[in-house]
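Engineer: Sequence:
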Amino acid sequence: MPQIFTALYLIAMLAAGWRLFGLGWSRGVKIAAAVALVCPVPLLVLLPGLIHPERPFADLLRTIGLTLLLCGALCLGGGWSAAKMRARRR
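Once you know that position 43 of the sequence shown is 44 in our numbering, the rest is easy, because the numbers rise by one and skip nothing.
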């Protein structure tokens with residue numbers, strides 16, 4: 002079950018990157034929206050590990066949170082670049 006949620010999160014970030022490219026917003030607003038889209042899910046895992054580092058598995062929570070953050074950002078960037086390449090072909 003956790004693998005399904007992780008895959009759905011990454012696919013959603015890919016689609017969000019694709020969609021953000023097509024919007025007519027300024028670059029700063031697009032970057033702010035991208036940060037707002039990527040951060041919430043990894044922070045749900047990352048913050049408990051940062052707030053209570055003495056608890057068991059805190060290091061694992063931090064690692065999972067940082068990995069989700071990195072992979073979400075990469076997927077968002079991948080969607081953005083795929084939309085850019087598709088627009089260039091047309």
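Everything labelled a hint here was simulated from the structure, so no lab data went into it. Being a predicted model, the structure only gives us computed values, none of them experimental. Backbone N, C-alpha and C define an ideal beta-carbon position, used for all residues, glycine too. Be aware that one or more of the hints could be misleading.
Stated by the list, open to error - Simulated restraints on C-beta separations:
| no. | residue 1 | residue 2 | range |
| --- | --- | --- | --- |
| 1 | Met86 | Ser27 | 15 to 25 Å |
| 2 | Glu55 | Leu9 | 29 to 39 Å |
| 3 | Pro49 | Met2 | 18 to 28 Å |
| 4 | His53 | Ala84 | 16 to 26 Å |
| 5 | Arg20 | Glu55 | 17 to 27 Å |
Engineer: With reference to the structure, classify each hint as holding or not holding.
Structural biologist: Hints, verified against the model:
1. Met86 - Ser27: 15 to 25 Å: About 22 Å separates the Cβ atoms of Met86 and Ser27, which means 15 to 25 Å holds.
2. Glu55 - Leu9: 29 to 39 Å: holds, 32 Å
3. Pro49 - Met2: 18 to 28 Å: holds, 19 Å
4. His53 - Ala84: 16 to 26 Å: Since the Cβ atoms of His53 and Ala84 sit about 40 Å apart, the hinted range of 16 to 26 Å is violated.
5. Arg20 - Glu55: 17 to 27 Å: violated, 41 Å
Against the hints set out earlier in the document, violations occur for numbers 4 and 5.
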